[in-house]
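Asks: Listed below, chain by chain, are the residues.
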Amino acid sequence: MASISTGKGLRTARPISARVTLNQRIGRALQHGDIPYKGIIVLAALSVIGLMVGVGVMLWIASSVTRNSDGLGFITATEWNPVSDLFGAMPFIAGTISTSILALVIAIPLGLGVAIFLAELCPPRIRAPLGFLVELLAAIPSVVYGAWGIFVFIPTVVKPVGEFLLNTFGDKSHGIFIPLFEGPFFGASYLAAGLILAVMIVPTITAISRDVLLAVPKAQREGAYGLGSTQWETIWQVVLPYALSGILGAVILGLGRALGETMAVTMVIGNVAQLSTSILSPGYTMASVIANEWGESRTPAYSSALIEIGLMLFFMSLLLNLLARLLVWSVSRRNPDQRV
Amino acid sequence: MTTMMAQSPRERMRARRIQVSQARENTRRIVNAVMLGLTGVATLLALIPLVWILIEVFARGSQAMTLDFLTQTFKPTSMGGGGIWHAIVGTVILIGLASLMAVPIGILAAFYVVQHPNTAIGLMVRFGTDVLSGLPSIVVGLFVYTLLVAGRSYSAISGAVALAIMMTPIVLRTTEEMLKLVPRSMREASLGLGASEWKTSFSIMLPAAITGVITGLMLAIARVSGETAPLLFTAQGSNVFSTALDRPIASLPLTLFKYAVDPDVTRNAQAWAIAMIIVLTVLILNISARLIANRRSK
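Residue numbers (the working numbering), protein chains in the order written: chain A, 32 to 371; chain B, 43 to 340.
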């Protein structure tokens, strides 16, 4: 029975398939647009990857002049004098690191404090609006921070604070002398840049830490309360250790933002290429030297040196991103076991 | 005192222990209150800059804000300083072009990531999105310079490409989040009825996720409408009214930067007015994106 019916089916099927029009054949070959569709979305996906790789490759090629002539010496050399073709990136690397550290020292306790307040203490009804307000700080453009820094923040906050530090610790002749606060001090300084960066990265640290804290299982807190802990002890000894790697991820992302911040820093740091032990002296960061000196770079070596600084910034942010990813990955891997 | 004297050594030890533990309890209470109070102080401290910046921007910005300032183009300060119409038009062109590039790529790549989450390309795209959104904006500017400007001239189109690179990850991520929320069964039902993949994606999935795409675009525009660093080496800025895509073009953030570091007080006042326009745009976009997202989640 079965073999007969399939035989008949085949015989009748042949003439029908012969009547397929060209249009249908094209449609079938392309699976009614599925193949072009798949091609297009793969292309879009690849373009995102291509951009990431392309940034590294293009900056690598465009910085060949100084990479070939100076090699690794470019990073360690401390002299930056474009007129006599001396390109050492150390003053800028030091400036980026010192302003970022200064920003983190202020922003970590502040941001974490806000995150704890939002996640643990504040009534749920005002949690969302308060969080939104803090996040608005991240939405204000860098260049607006810069203008505010020049005209408002430096004269009213940085100058008095800096002068106090200078008078108390910066004078070799009397009192305690700390080289960190040596003069001269004009306002525009590492201190100004570090303080503005702190304001700018608080929202990053707060937003991610708050989400991490809210994700800590309730049972952890209940356990600590049940043992007689105060609320602070619960937060400090149970909730924060549990959320530590997530908070570290938040700090790394904040650091990434501080390293690459350009306009606000350029406008308040003073733009002087020098190595200094004092946070009160004017300086440069890697990002701000690119922004500020690009217009003057007439020779190939000069442009190449600035692009190489950009290349280093690219690698730094790539590294930080990998690190943050690994942390998130380790948390998401660990959590399912702990919930059981 | 007399009762204390009458206590046996053992009772005295016990009383002492209670005293110590009470003292310890008091310190614990005090530490608790102080630290919890400090988190509240931290919150207030963190909000001070926001309020302060907004007050300064609006108070100082409104002084130079006139109709002439908005509708005239550049003039030297000796002739009154002129306005910023050229920069407004420039910014609109730059952001419009950038959106035209970032939205299709972001949406299509989001489709790919949602449909192939665990393939090698899918994971690479996610990582690429993270890297691109964390990339210092000045590095994006340098990249586009080496790609499109070196050997040619500064141009509006290269500025738009730089902004598009910053917008794409935002559009991609918000679209991806929203596409993930579309029930699997909707996609399966459409495919099961014989609809093709692209028909399913654009007639079923995209309409279901459209609010996500719109809020993503709004946030992306908010992000780049104040970006200055990527435009320095691409659009470069200009003092003349121009709509040509192959020539340098003015923009609001670049003009704000130039006017803020200008020694002339008239220019400084104008810088604040520009800051007010940018901050207002950013606030409106952020708040309405938040409202749309909230209305959806209810």
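Mixed in with the good hints there might be a few duds.
[Said to hold, decoys possible] Chain A is faced by these chain B residues, among others (derived, beta-carbon under 10 Å):
id: 1; residue: Asn-74
id: 2; residue: Ser-245
id: 3; residue: Ile-246
id: 4; residue: Gly-268
Source of the hints: derived by calculation from the structure; they are not laboratory data.
All C-beta atoms in this analysis are idealised placements derived from N, C-alpha and C, irrespective of residue type, glycine included.
Asks: With reference to the structure, classify each hint as holding or not holding.
Replies: The hints, checked one at a time:
no.: 1; hint: Asn-74; in the structure: holds, 4 Å
no.: 2; hint: Ser-245; in the structure: violated, 12 Å
no.: 3; hint: Ile-246; in the structure: violated, 13 Å
no.: 4; hint: Gly-268; in the structure: holds, 2 Å
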